[in-house]
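Chain by chain, the residues:
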Amino acid sequence: MPTGFITNLYVFVLAGFVGFEVIRRVSPLLHTPLMALTNALDAIVVVAAIIIAGRQGTALSATLGAIAVAAAFSNMVGGFLITDRMVRMFKLSGRERKQS
Amino acid sequence: MTTAQYLPDFVYIAAIALFILSLRWLSSPATARRGVLAGEIGAALAVVTTLFNPELVQYRWIIIALAGGAAIGIPLGMVPMTAVPQRTAMSHAFGALAAALIGISEYYMRLPNINRFEMTEIALEVIIGSLSFTGSLIAAGKLQEILPQRPIVYKGQNYVSLSVLGAAIILALILIFNPVHTAVFPLMVVISLFFGFLLVMPIGGADMPTVISLLNSYVGFTAALLGFVLNTKVLVVAGALDGASGFILSVIMCRAMNRSFTNVMFGAFGQLQTSAAGAVEERSVRTATPEDAAAILEAANYVMVVPGYGMAVAQAQHKVREFYDALTKRGIEVKFAIHPVAGRMPGHMNVLLAEADVPYDKLIEMEDANTEFPQVDVALVIGANDVTNPAARTDKSSPIYGMPILEVEKARTVMVIKRGMSPGFAGIDNQLYYLDKTLMLFGDAKNFVGNIVRELTGGGH
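These protein sequence lines map, in sequence, to chains B and C. Just so we're aligned, residue 1 is where the first sequence starts under our numbering, counting upward by one. Just so we're aligned, residue 1001 is where the second sequence starts under our numbering, counting upward by one.
Calculated from the structure, these hints are not laboratory results. What you are looking at is a predicted structure, and each value in this text was computed from that prediction instead of being measured. Ideal placement from N, C-alpha and C gives every residue a C-beta, glycine not left out. Don't take every hint at face value.
Claimed, not checked - Only pairs whose alpha carbons sit at most 27 angstroms apart, straight line, appear in this in silico DSS-like list of lysine-lysine:
no.: 1; chain 1: C; residue 1: K1396; chain 2: C; residue 2: K1329
no.: 2; chain 1: C; residue 1: K1410; chain 2: C; residue 2: K1396
no.: 3; chain 1: C; residue 1: K1329; chain 2: C; residue 2: K1362
no.: 4; chain 1: C; residue 1: K1396; chain 2: B; residue 2: K91
no.: 5; chain 1: C; residue 1: K1362; chain 2: C; residue 2: K1396
no.: 6; chain 1: B; residue 1: K91; chain 2: C; residue 2: K1335
no.: 7; chain 1: C; residue 1: K1410; chain 2: C; residue 2: K1446
no.: 8; chain 1: C; residue 1: K1410; chain 2: C; residue 2: K1437
no.: 9; chain 1: B; residue 1: K91; chain 2: C; residue 2: K1437
no.: 10; chain 1: C; residue 1: K1437; chain 2: C; residue 2: K1362
no.: 11; chain 1: C; residue 1: K1329; chain 2: C; residue 2: K1446
no.: 12; chain 1: B; residue 1: K91; chain 2: C; residue 2: K1329
As the list claims (entries may be wrong) - Sample of chain C residues lacking proximity to chain B, with all beta carbon distances greater than 12 angstroms (derived):
no.: 13; residue: Q1144
no.: 14; residue: Y1324
no.: 15; residue: T1413
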């Protein structure tokens, strides 16, 4: 078993616990933006896709990489965009009329 | 090794910290925008740093793909709020696709030097990524109503689905023992794609909030597995965060529907709607006109609105906001009781009401609403049905028995706005409609609320 695996497992377990503790505190009001935001954060796979699309390799690997870049980057751009649109709409009473 | 070589790692670590802060700040609407900004900065730093990676030998495809991704992502970020669930399902599909394709590419790049351990990681990653891809596409199709909303079930379904999954696992085992079986690999991918289709096809529209959360966690774990394959920690962390989030939301949705987690994991859900429709007996209900309703509302001190997805289907959110304004101006307290599964995905109803400018401090969760109902003068149910059915608490034979509901029947008066259909047609009969304190307001939600508002604001609008 490679040592890299063990290190990654440490990271995974710790990140899982951090995620659990942080996300548990997200107000149910914001569960839809939460899903949109985690989607956008998850789109960080684009960094792996960029390497695969641009490194020295076969045409097949470059093609798969490029499709993966497009798919992941669309999530990143779209995910942040829609999350921001959603959270901007949440206003407190008494203050909500000022902007409209 | 010089410090400069580790620079990308430092940037990725900063990105991880920003991602965690991003989720942390999403805990309340007051700091949520800051959270989005933190996430954006983290992601931008990571992407820009990666573009300077010395392994890169050509940029043409990267730039074309980034431009293409932005061209797809921007319109998907601009969809109307009612379409957010299908957009989310589409983004699950894209996330799964990206992760699966990278896994596939890694397999072919590493051939023939793949050890069993690497092959196990790749096979697992590609199987989960592929099934999440097709599963999410089917979910998006159902939410967009391109595919039938009704659960599609047949005899022995679970056996067929599990055999297909079994076949994918057997092929994965063959590859683990002999990774150079290049003909087996594509077959494993195709079978996994097929399994994703079988997994989501039987599930009905009412269960979409659970499905979409579950797919969310699958996609997250796929990304984390990809991090293992590539030994990239930032993917392990982002995937674990996304996976944890999807998992928590799935658990919340399961509880709100009174389903066990194993029940959901094995896809045995979606039966709810088919087992509905028992004996429909003719019973009388009390009805009221908008004038009657407005007169009762004017005399109230405390009004609780119970919105369901039917409200969004009727596009009544903005009329509901006017309703809120009209009553608030008269000094009447108005709040909104939000059931966790109101809408098509977790938290969807809050977004729809926030879009209509309903202040979020007036949106209250189920537990809090249930302690309030005994003090409520009028509970106004708009486009919600099962989540208000007292049978969930009292009738053991009801298919929804045990599901937590909004106890609207504890309010002094209940008003239910329903489309022009007579009660009893809607799957499960709702006992609420036959209570003496219940007034049925038959009509289109948007028009009916509009008429009440006109009455409240003194005619002519």
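Checked hints:
In summary, the hint linking C:K1396 to C:K1329 is not supported, as the alpha carbons are separated by about 43 angstroms, beyond the 27 angstroms threshold. For the suggested pair C:K1410 and C:K1396, the alpha carbons sit about 20 angstroms apart, so the restraint of at most 27 angstroms is met. Between C:K1329 and C:K1362 the CA atoms are separated by roughly 15 angstroms; this keeps the pair inside 27 angstroms, and the hint holds. Restraint check for C:K1396 and B:K91: the C-alpha separation of about 41 angstroms exceeds 27 angstroms, so the hint is violated.
With a CA separation close to 33 angstroms, the supplied pair C:K1362 and C:K1396 exceeds the 27 angstroms bound. For the hint pairing B:K91 with C:K1335, the CA-to-CA distance comes to about 15 angstroms; that is within 27 angstroms, so the pair holds. Between the alpha carbons of C:K1410 and C:K1446 the distance comes to roughly 26 angstroms, so the proposed pair stays at or under 27 angstroms and holds. A C-alpha spacing of about 10 angstroms is found between C:K1410 and C:K1437, which places the hinted pair at or below 27 angstroms, so the restraint holds.
A threshold of 27 angstroms between alpha carbons decides the hint, and for B:K91 with C:K1437 the separation of about 34 angstroms lies outside it, so the pair is violated. Taking the CA atoms of C:K1437 and C:K1362, the gap is about 25 angstroms. The hint holds against a cut of 27 angstroms. Restraint check: the Cα-Cα separation between C:K1329 and C:K1446 comes to about 21 angstroms, which is no more than 27 angstroms; the hinted pair holds. Under the criterion of a C-alpha separation no larger than 27 angstroms, the hint pairing B:K91 with C:K1329 is consistent with the structure, at around 18 angstroms.
With a least CB separation of 16 angstroms from chain B, C:Q1144 remains clear of the 12 angstroms interface cut-off, as annotated. The Cβ of C:Y1324 sits about 9 angstroms from the closest Cβ of chain B, inside the 12 angstroms cut-off, so the non-interface label is violated. Its beta-carbon lying about 24 angstroms from the closest one in chain B, C:T1413 satisfies the requirement of being farther than 12 angstroms from that chain.
Hint violations for this structure: numbers 1, 4, 5, 9, 14, all remaining hints satisfied.
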